[in-house]
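A.B. asks: Turn these sequences into a full structure, and let the hints guide you.
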Amino acid sequence: MEISPAVLEFSGPFTQTVTRTLHLHNKTPDPMAYKVKTTAPKLYCVRPNASRVNPGEVVDVSIILQGLKQEPSEDFKCKDKFLVQSVPITPEQETLTISDLWSTVEKTAKNTISDCKIRVHYQIPQSHSLTPSSGDTNGTATAVDTSAGANEYTTPSNPANGINRRIVSEASDLGFEPSTAVEAMDSKEEHEVEDATKKLESQLDQSRSPAVTVSSPSTSGGVPIHIVVILCLAAFLLAWLFS
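Just add 39 to wherever you are in the sequence shown, counting from 1, and you've got the working numbering.
Think of the hints as simulated: they come from the structure by calculation, not from any bench.
There could be a bad hint or two in this list.
Unchecked claim - In silico DSSO-like links for lysine-lysine, alpha-carbon gap of 27 Å or less:
id, residue 1, residue 2
1, Lys118, Lys146
2, Lys149, Lys66
3, Lys146, Lys74
4, Lys120, Lys81
What the hints assert, rightly or not - Cβ-Cβ distance ranges computed for the label pairs, FRET-style:
id, residue 1, residue 2, range
5, Lys149, Gly51, 21 to 29 Å
6, Pro52, Gly95, 20 to 28 Å
7, Pro52, Asp99, 20 to 28 Å
8, Leu135, Ser112, 25 to 33 Å
9, Pro52, Thr193, 36 to 44 Å
10, Lys81, Lys149, 25 to 33 Å
11, Thr143, Thr54, 25 to 33 Å
12, Thr56, Phe115, 35 to 43 Å
13, Leu135, Pro94, 12 to 20 Å
14, Lys108, Ser142, 32 to 40 Å
From the three backbone atoms N, C-alpha and C, an ideal C-beta is built for every residue, glycine too.
C.D. replies: Structure below.
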């Protein structure tokens, strides 16, 4: 399996969703299964994160960086990595689902799995010239030993379109429970994602709006002023009549 590019380059603005593409080219005569893992599953989503590649076929895999809360600093160095695992599909495994196939291979034929590591680089604008980083960012990734560092990778989610994790994060900061949105992300149902997102947005809008209280005017104690005026006029008239 040939996988490119060797480095995923993400450019800003990083507070918005950014998508990059991995190209998986099966140059073997046999069908192959793949799955993608990452060291930062909360920051990225992969679509599709596991599937099949037929002989001679090229499959595009979307790597989605979720919007960050703020732009990274100029000296920020991204240490995120992706691991693409691939394995030939034998005739006996043709009837298995991708999930069952990987479960079987990892138990009985782990030595047939090929691993390919992909680095991540953030292109952050800087006021001074940068020293070029080592490595060919446009080259093709090479296979690595499957026994090295595999435990640091986790399979990312494969959500439907339209979800924004920044909304979930902001809801958590304000004390709302975003579990419904998270569950919708993992369920791959677009309408669930959209409904959960709208619900959170509505809660956030209500929390941001200052509460408006209308106080009813209170009745002050004592004699009303018009009664006082009438009594004064009556006293004046009586005094004038008897003078």
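A.B. asks: What hint numbers does the structure not satisfy?
C.D. replies: Result: hints 1, 5, 6, 8, 9, 11, 12 break, sorted rising.
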